[in-house]
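Line order of the protein sequences matches chains G and R. First residue of the first sequence: 1, per the working numbering; consecutive thereafter. First residue of the second sequence: 1, per the working numbering; consecutive thereafter.
Hints are supplied without guarantee of correctness; some may be wrong.
[Said to hold, decoys possible] Partial selection, computed: residues in chain R whose CB lies under 8 Å from chain G:
1) 55
2) 57
3) 188
[What the hints assert, rightly or not] Footprint (simulated), chain G over chain R, 3 or more residues, beta carbon under 8 Å:
4) 12-20
5) 35-42
6) 47-54
7) 58-69
8) 169-181
9) 193-203
Just so you know, these hints were derived from the structure itself, not from any lab. Even glycine gets a Cβ: it sits at the ideal position worked out from N, Cα and C.
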Amino acid sequence: MDELVEAFAARRPSGLEQAYALWSRLFFSVARHIISDSARAEDCVHDALLRVWRAPNRFSGNREMLKAYLVTCVRNESLAMLRSEGRRDARELKAARLAPVAAVDAPTVDPVETQRLQDALSRLPEEQRIALTLAYYGNKTHVEIAQELDAPLGTIKSRISMAMRKLQTELASAQRGRT
Amino acid sequence: MTAHLGEDAELYPLGILDDDAARNVERHVASCSECAERVARAQAVTVSLAAALPLATPSPALEQRLRESARPQRNAKRPRANLFPLALAAAFALAFLGLGWQQFVLRGRLHSEDIALVTMVQSHFNHVSMSPQSANPVAAKILYARDGSWIYIIADKPGGSLHAIARTATGSADLGELTSTGETATLLVHPRKRIVSIMLQRAGANVASARLAY
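For reference, chain R alone in the conformation it holds in the complex:
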């Protein structure tokens, strides 16, 4: 076992240690009951410190989200030879693109989105409209594979450079800038981690967000 934690035991619950020092605390307390107790005592102090914070109440939606996230995952196997879901997905993608995003389809942009479209219709996907986040929001949608293997963001009339920030279960990730082609801006990504929500930013300000339900 490494030497005891010392002062880091009190600093850890305050969240002020750098990542390496914080990980060292977590590793150490897993095998040292003496330091684990010291950290626990310090954690109790942070509850008292939190008592003086301004009271804030979460929206009812948070409780619902937690319930849904905690629900046991179903491991339904998809028959590999069953083409119906693929056909349905393809039909839905084309209908969606045709109805909701006909402007850029009709303007001939589709040829440049071949890869994205082919990827989309070859797997199951969901879609979600992004919620406006500012007085000057952007209308945007996200198409994404149910297995989380790809995500396609489409923004209508972006009004400037748009940046996509993803949240995963362990932190956030910068997905990069949407490619603007005049009336629309798009971004296709193949994330390495399961993305739970996406925020669009324009000039550093949040303009739209959405959570992804798999």
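The following block holds chain G by itself, in its conformation from the complex:
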């Protein structure tokens, strides 16, 4: 097993520290896109990482899988905070949803991957691309997307699921082309 993954799964502080050192900007960028307040976005990263790290035997896999799992946890933690606070502060919820993905020329988390992603997204059918974009970048639930697009809930779930699977195939293919 990868040294980092092993340390993380064994709940050694070095595992948490290494994961943070490698991916802190990714984690924080994910949280910050959802929570506009930096201090609370940091709370989300802190709480999500610590909860996963403290939970025994919750993870087995390679380094990339750990990274993806942690990104998911940070995103879910941030969305939970956004939705719980959104009930009291609809303005922030709205602001977060209107936040642009990345302005022109603004630095992104991974410029190389961004280009591959945009190519892959452009090859999706429009209805799938819109549904996925509203879900990930718009931080909307599938129920909200169904209402916004005036489509049945099952249809929206299918569009998003299909989009995710197609992206997975496209990105894997692009990765093989690079190597």
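The hints should help you fit chain R onto chain G, whose structure is shown.
Relative to chain G, chain R alone:
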């Protein structure tokens, strides 16, 4: 085992499922390697989706907080008959209240805070000043038991109704509104979960925050 996850496997990493559906995914993948693999593949896609997000860098303080949180907890036993810590806590509480918050003490508000004060001096406690969070912040402090059993928030010149929001390890909780008595506003709570940070809000806007170190 229940039926396979189906489309929820791709929806889960996006965080768009409701709580029940998300918990169902988590339970299912614990015993179904096929679905666990499908969820893992979808999680990898979300890393690619995150690549296009605007780059943001956390403050150095976050790394320090994580290190401290990951540090092994000491299980020091407190001698039950040793009155020194209680005496010290009581002395500190009175000194703190006398020096830092003498306005409301001298104005006779102390009698209405008997319960809070008695609770405070009967156990070990910490205190922290809240950090301003807006251009129109509020000066506030938090006294809290080291065992997390109570928290007492004191705001000076609240300038309107103040609401306290707590963060725990698993989410957030609404502690309620501070009771205003003119120059100050206070709130005493006995939380059921360990609170890690508190945010004060005025009219929905954040005005002060603090993390609690136990």
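Okay, the hints, checked on the actual structure:
no., hint, result
1, 55, "holds (4 Å)"
2, 57, "holds (6 Å)"
3, 188, "violated (22 Å)"
4, 12-20, "holds (count 7)"
5, 35-42, "holds (count 3)"
6, 47-54, "holds (count 8)"
7, 58-69, "holds (count 9)"
8, 169-181, "holds (count 5)"
9, 193-203, "holds (count 4)"
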